[in-house]
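Enquirer: With positions in the sequence shown counted from 1, the corresponding number in my numbering is that position plus 1482.
A few of these clues could be false.
Said to hold, decoys possible - FRET-style restraints, in silico, Cβ to Cβ:
# : residue 1 : residue 2 : range
1 : 2365      : 2326      : 18 to 24 angstroms
2 : 2324      : 2156      : 49 to 55 angstroms
3 : 1808      : 1516      : 30 to 36 angstroms
4 : 1795      : 1503      : 31 to 37 angstroms
5 : 2244      : 1978      : 48 to 54 angstroms
If you're looking for bench data, these hints aren't it; they were derived computationally from the structure.
Computed from a predicted model, the values in this text were never measured in an experiment.
Glycine included, each C-beta is placed from N, C-alpha and C at the ideal position.
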Amino acid sequence: MAKRHLHDIDTNVDPWAFVDDVGTFRLADPQRSSYLYFPLVNEAGIMSAITPKLHGDINASQHEFLTPPTAVENLHNKRTARNFWVCEHGVGPWSAAGNSATQIPEERPGGAESVSMEGGLLYHEITRENDERGLRAEITNFAPVRDDMVELMRVAVTNTGEKTKTITPTAAVPIYGRSADNIRDHRHVTSLLQETWTEEYGVLVRPTLSFDERGHTRNETTYGVLGTEADGTAPESFYPVVEDFIGEGGNLEWPEAVVEDLAGVSAGTEVDGYESLGGLRFETTALEPGETAEYVVIQTIWTDDPDPATLVERYGSSEAVAEELAACQDHWREKSSAVEFDTGDDTFDQWMRWVTLQPVFRRLFGNSFLPYHDYGRGGRGWRDLWQDILSLLLTEPDNVTDLLYNNFAGVRFDGSNATIIGDEPGEFTADRNNIPRVWMDHGAWPWLTTRFYLDLSGDLQFLLRDQQYYKDLHVDRASEQDEAWSPEDGTELYTDDGEIYEGTVLEHLLVQHLTQFFNVGEHNVMRLEDADWNDAMDMAPERGESVAFTALYAWNLRDMSDVLDALRAELDVEEIEIARELQTLLDTLSEPVDYDDPEAKQARLDDYLDTWERTVSGEKATVAIEELAADLEQKAEWLYEQLRDQEFIEDEDGHQWFNGYYDDSGRRVEGDHDNGVRMTLTGQVFTLMGGVATDDQADAIVEAADEYLYEPKMRGYRLNTDFDELKTDLGRGFGFAFGHKENGAMFSHMAVMYANALYRRGKVEAGHRVLSGIYEQSKDFEVSRIYPGIPEYFSERGRGMYTFLTGSGSWLLLTTVTEVFGVKGRLGDLRLEPKLLAEQFDDGEAAVTCQFADRRLDVTYHNPENADVGDYEITAVSLNGDSVDFERTDDGVVIDREVVTGLDSEAVHDVDVTLE
1483 MAKRHLHDID TNVDPWAFVD DVGTFRLADP QRSSYLYFPL VNEAGIMSAI
1533 TPKLHGDINA SQHEFLTPPT AVENLHNKRT ARNFWVCEHG VGPWSAAGNS
1583 ATQIPEERPG GAESVSMEGG LLYHEITREN DERGLRAEIT NFAPVRDDMV
1633 ELMRVAVTNT GEKTKTITPT AAVPIYGRSA DNIRDHRHVT SLLQETWTEE
1683 YGVLVRPTLS FDERGHTRNE TTYGVLGTEA DGTAPESFYP VVEDFIGEGG
1733 NLEWPEAVVE DLAGVSAGTE VDGYESLGGL RFETTALEPG ETAEYVVIQT
1783 IWTDDPDPAT LVERYGSSEA VAEELAACQD HWREKSSAVE FDTGDDTFDQ
1833 WMRWVTLQPV FRRLFGNSFL PYHDYGRGGR GWRDLWQDIL SLLLTEPDNV
1883 TDLLYNNFAG VRFDGSNATI IGDEPGEFTA DRNNIPRVWM DHGAWPWLTT
1933 RFYLDLSGDL QFLLRDQQYY KDLHVDRASE QDEAWSPEDG TELYTDDGEI
1983 YEGTVLEHLL VQHLTQFFNV GEHNVMRLED ADWNDAMDMA PERGESVAFT
2033 ALYAWNLRDM SDVLDALRAE LDVEEIEIAR ELQTLLDTLS EPVDYDDPEA
2083 KQARLDDYLD TWERTVSGEK ATVAIEELAA DLEQKAEWLY EQLRDQEFIE
2133 DEDGHQWFNG YYDDSGRRVE GDHDNGVRMT LTGQVFTLMG GVATDDQADA
2183 IVEAADEYLY EPKMRGYRLN TDFDELKTDL GRGFGFAFGH KENGAMFSHM
2233 AVMYANALYR RGKVEAGHRV LSGIYEQSKD FEVSRIYPGI PEYFSERGRG
2283 MYTFLTGSGS WLLLTTVTEV FGVKGRLGDL RLEPKLLAEQ FDDGEAAVTC
2333 QFADRRLDVT YHNPENADVG DYEITAVSLN GDSVDFERTD DGVVIDREVV
2383 TGLDSEAVHD VDVTLE
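Could you build the full structure based on these sequences and the hints that come with them?
Expert: Right under this line is the structure:
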């Protein structure tokens, strides 16, 4: 057969398609698309990625990888994959997973194979059929929803030929069994620590030590690969060592043990100091035509004493696996059904199921542990904690109050926050790398999330709960180090009297916003410090300023002022206690600062930081709520006017928008430039969202964004124009190739926030264009090459990148529920403010099912005249068929919370809304 060159290969592919109403999708020939992977995870802590050829790793943490750690570029490597061999006597080996040296996609000596993938809640199934051989294999992988760190693999091998086949099956899973840090450094040395042994049902590996040159520790983790036949029969023998399995000159794609039909070792064998393999050889069996043989492979991690017998009893049969798979599907179906949409576009409705799950995935995976793990060594960042709660309030509200409260323990008294986030809610640890970094936007997100919580719950008392502060090596917003501090001192802030200091949640929010208000640069805009939301704006720590997030802080200050008025009215709270030191920043109540003087403002922040050192006084001051609200309002109003007057710019072609940044040379970043017009999307989002932009300015922003940032081939808005310069006085992002990641990609996260801002400002058609563009690009599989869901961004070629783990999922779900369908709260009451276009109704109806006040509501909008947004208003609301009274607002209606809380908490309740 002549070789085919790349340009000869047909790259047209069939897209995935949903096959039911619970998000199950199928894809033909998935192996013909690179970089595809699917998440498998459970609450117990197992985290897996799996590709169409079963590549991808299985782990429990950065230091506990069952299989070799896999970055996205390693997904091409067959030698790290889960594999299952079927050796047909008289014919030779066949990899049911497609990981064989003889199974080359374009030149298959054994005949062409048909491959299909089915992805469901939350399982991955590959069907591979070889007509020439007369064999079909169905391989199903999932993580059972139990307290076991287990990934199950069920393999069903069917004889599709006309003659009896004699086969010897062999499972082969490489057991890495150590930290990801050792994938290169000390790879061989750490293999010498491996204690490997075989038991009745499999291979177990337990390293003697966790290798770390800073201090080795005794290892307590055990890794195992166990297996059974369908009826629970144990494997015949085992291959516990890689080099024995592959043979001299062999490899995992053509292992000698399989090719030469070599027997393995028996149970009770121990071989220490080598690279390990979960090699399980099952008994030779004769398969009649049409007959199927099933096998179960249990891949597991124990953090305590290993108990193979219990796992085999629980999972070691086809019947048990079928039951566990059903339970897994039920569990994830419930998760994905927390919010459901009915728009008339069935594909969109099912696609949103996967978007709904993405914040849950990020809670379980963090930002790492899928093949695009560029965000570090595990866990989530500070910003992620707060943004993910936005969607968890919609999907998993039961425990969110405590999660929200616990996160405030990460705030430092200087307004900065912890940078190392632990695995448990509210767990923060000192920065082990001693990297002094402050992201200036971090203080803004807690209020945005808290306000959403208050609107849904009405729990204003939450603001008055006491919480401790975080203390570590870094002081004065990480500009100095407390040399007297050590990790043994703990991470709590103490008073001068040696007591752990606590202040209200409201006090924490004030600390974050007041310190930032005074922390300005030479243009009287808040300092960028080490970066803002765009982590790649990280090279302007001295003179850099962020207009974009100054606008968000301004909005927050105004919003907090309004909520303080509500706190006074609803709870009859006339005054509150705050830390004595904080009075320094409430300047309008004592010593006013000239807000037009940036040096005076920075001096006032320095005064505050000088009022305490390692400890605080612990003394409280009483402040009238009315006066506090007025102080915040005055600061907000000054910011609004300053940004509108100073930062709204115009280029030589007459386009207008907000400048978003100043660089470390003190220069305005955006506008006309010798290299071409410069514009960022971030600078427009928060000026729009918080009302800093006037209505006229908002119109101009949309026009400018369409002109300079919209990219038709990606159906969306770039994060910035091409600066055509390596801006080392602004950030590393400009070292990236243009059109990738933070340098001009269609970055879903900011794009969705832009849509949210447009909807808030009544720019519904423009907002819909943003969201529909992301959806269309995501589902265009021939270009995006991703499974259902929203990626972090799209590359210059339109491929979806960093799939599944992205804050975009939270914001897309939030925006669709609260802005598009308009189901939201107003300090505990239910608000309905739909912004649906006529095209989003199906026969005059559109519906969303979601939770409010611990009740499940099926909200259906009836639009009999198919009117467009702006042409309809709510004229009637009924609940379970009974008319409901409401208060009319400018954009919709408000229904008293008591109407909802009076409903049965176990039932689904019909809310019918008439639009005329």
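Enquirer: Could you run down the list of hints and mark each one as holding or not?
Expert: Going down the list of hints, with the structure as the test:
Between residue 2365 and residue 2326 the CB atoms are about 20 angstroms apart, so this pair conforms to the stated range of 18 to 24 angstroms. Between residue 2324 and residue 2156 the Cβ separation comes to about 52 angstroms, which falls inside the hinted range of 49 to 55 angstroms. A hinted range of 30 to 36 angstroms for the beta carbons of residue 1808 and residue 1516 is consistent with their spacing of about 33 angstroms. Our hint of 31 to 37 angstroms for residue 1795 and residue 1503 holds, since their Cβ atoms are close to 35 angstroms apart.
For the pair residue 2244 and residue 1978, the supplied restraint of 48 to 54 angstroms holds, since their beta-carbon distance comes to about 52 angstroms.
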